[in-house]
Each structure stands twice: as structure tokens, then as C-alpha cells.
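Let's have the full structure, built from the sequences with the hints guiding it.
Protein chains in written order, with the working numbering: chain A, 1 to 139; chain B, 1 to 139.
Among the hints, a few may not be true.
Cross-link-like lysine-lysine pairs, in silico, DSSO-like; alpha carbons within 30 Å at most [what the hints assert, rightly or not]: (1) B:LYS30 x A:LYS137; (2) A:LYS78 x B:LYS62; (3) B:LYS30 x B:LYS62.
Quick partial rundown of chain B residues pointing at chain A, CB under 7 Å, derived from the structure [what the hints assert, rightly or not]: (4) SER20; (5) ILE21; (6) ARG93; (7) ASP98.
Computed footprint of chain B on chain A, listed as stretches where at least three residues anywhere in the stretch have a Cβ under 8 Å from a Cβ of chain B [claimed, not checked]: (8) 9-16; (9) 45-53; (10) 81-87; (11) 125-132.
These are calculated hints, taken from the structure and not from any lab test.
Computed from a predicted structure; not experimentally measured.
All C-beta atoms in this analysis are idealised placements derived from N, C-alpha and C, irrespective of residue type, glycine included.
There are 2 protein chains.
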Amino acid sequence: MVCAMTENSLFADRNAIDASIEETAEFAPKFDAAGLIPAAVTDAATGQFLMLAYMNAEALSKTLLTGDAWYWSRSRQKLWRKGESSGNSQSVREIRTDCDQDAILLVVDQSGPACHTNRRSCFYRIVESSEAGAVLKFS
Amino acid sequence: MVCAMTENSLFADRNAIDASIEETAEFAPKFDAAGLIPAAVTDAATGQFLMLAYMNAEALSKTLLTGDAWYWSRSRQKLWRKGESSGNSQSVREIRTDCDQDAILLVVDQSGPACHTNRRSCFYRIVESSEAGAVLKFS
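Following this line, the structure appears as C-alpha cells:
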């Protein structure tokens, strides 16, 4: 019987994988004690680093199932679809995970600015060292 | 008197900033409950996304002061300089922070592979959805 993919069946059990976590083809993401995994986001068109956010299992599942980027807001303690209020949504071109499967990389088509300050990327400040300490330079 | 920059004096107090955290030129990174901040790392030469790791205040300070990338290993519970055992060090070209100052982006000259599996990037697997669930494809 072919079953439709559901949110609960997407991930493998990390403890039941035969191969090492680095070499397995099974997707067994590791969520931290708060149930979250960090997701770095880059622009498919330019390669620019856009933002870093967090997903819980439901956000990651929804992202995989819908092709839109979903995150967990730690400040608002709620699931959100990127762009649901701003309109600046992210259509996911590729999802990657790392060697330890404890981080996610999303390559997206970004509609409008990714940052809530209306800048294209959230990383618009360079940290520069001086004798007085570290300061930020807008770029 | 001009004082040499020390590790303790690098960061501003988040609670003492007049401007919003998004618009200030003061560097006041936010460390989580475990004292860590995530650091995404990209390749200065190619733009490739290499890895995601964590820094505590000491690792971030050492990175700023030395120009080499330092991290905090959560599994080994120790500070480490990238490449100290593998030789695959990272010379930091640029450090950025994001709107909320709760994430770091390092743009580095990567010597050799960034990943402990000897691959250039840790993100060598693409997550693909299928009816049976999500699986990983090596790339």
C-alpha cells in the first residue's frame, strides 16, 4: 500500500540507524533540548546569506511538505510561515543537512527583503575590532 | 591612556544600548541560556556554505582578537581552534552579525576541507521528500 507522506512519518529514528550519522541516507535530524534545529538560509539566485532561524519538527515537516519555509519563533513561541504577515515568503529550492544532522541549510527564492528591517539580508553589519572594543559597521 | 583590547571588554551591554538592537553600532551579541551563539561559516573564495558551529563569549573574543576561527564544542565541552588537530584552519576575512545580534556569520579562507569527514562542506547531503518519508542524497 502506498501511503501519503504525513508529518509524523518524515524522519528516521536516530537510534535505529545502522550506518554512521555522517554516512547514512536516512534523514534523522537532531533537535536540541528545546526541540529546535537551526536553519541557515541562502539566496538561490545570488548565494547571499540571508538569515538564520529555528525550526521545530513541525516547521521542518511543513517546509518539506509544502515547499514554503516555516520556522518556530522563539520570541513569539509560535510556528510561522515566512512571509505570512510581510508577504516576503521563501520558496525552497533545496534543503540540506550537515554531517551530524543537527543543522539545516535552506536555499530559497526570496521574495522581497528577508529581514524584518526591510533589508535584503539580516546580516547587514560587519563586526570590526578597535582598541576600544568591537563595533558594528553598516554595509 | 590607550589600553590594549582584552577579551572582557569586547562586547557592549545589551541592556545599556540607547538605539534599537537592529540599528545600533554597538556590538552586543546575545548568547543563549547555555552561553552560546550560532556561527554560520561561508567560504570567502566561492561563497559556499561550509559549516555551522557554536561560539561562547571566549571563542568569539578569540576569533575577533586573533583572526582565526575559534568555537565551543558542545560534544567535547571545550574551546577549540578550527584546524588545531586537523590542520584545516579558518582565517577570518569578515565577521557579521544579524538584526537581533543573536547569530554570527564568518566569511573565511578555508584551508583544506571544513568537514571532519574530509569533505569541503559539512552540507554534502540534500534532503529529498518521497512517499516513504524524507531521504538524503549525497551531492
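Here is how each hint holds up against the structure:
{"no.": "1", "hint": "B:LYS30 x A:LYS137", "verdict": "holds (18 Å)"}
{"no.": "2", "hint": "A:LYS78 x B:LYS62", "verdict": "violated (35 Å)"}
{"no.": "3", "hint": "B:LYS30 x B:LYS62", "verdict": "holds (17 Å)"}
{"no.": "4", "hint": "SER20", "verdict": "violated (9 Å)"}
{"no.": "5", "hint": "ILE21", "verdict": "violated (10 Å)"}
{"no.": "6", "hint": "ARG93", "verdict": "violated (10 Å)"}
{"no.": "7", "hint": "ASP98", "verdict": "holds (4 Å)"}
{"no.": "8", "hint": "9-16", "verdict": "holds (count 4)"}
{"no.": "9", "hint": "45-53", "verdict": "holds (count 4)"}
{"no.": "10", "hint": "81-87", "verdict": "violated (count 0)"}
{"no.": "11", "hint": "125-132", "verdict": "holds (count 7)"}
In summary, the structure is inconsistent with hints 2, 4, 5, 6 and 10 from the numbered list given earlier, while agreeing with the others.
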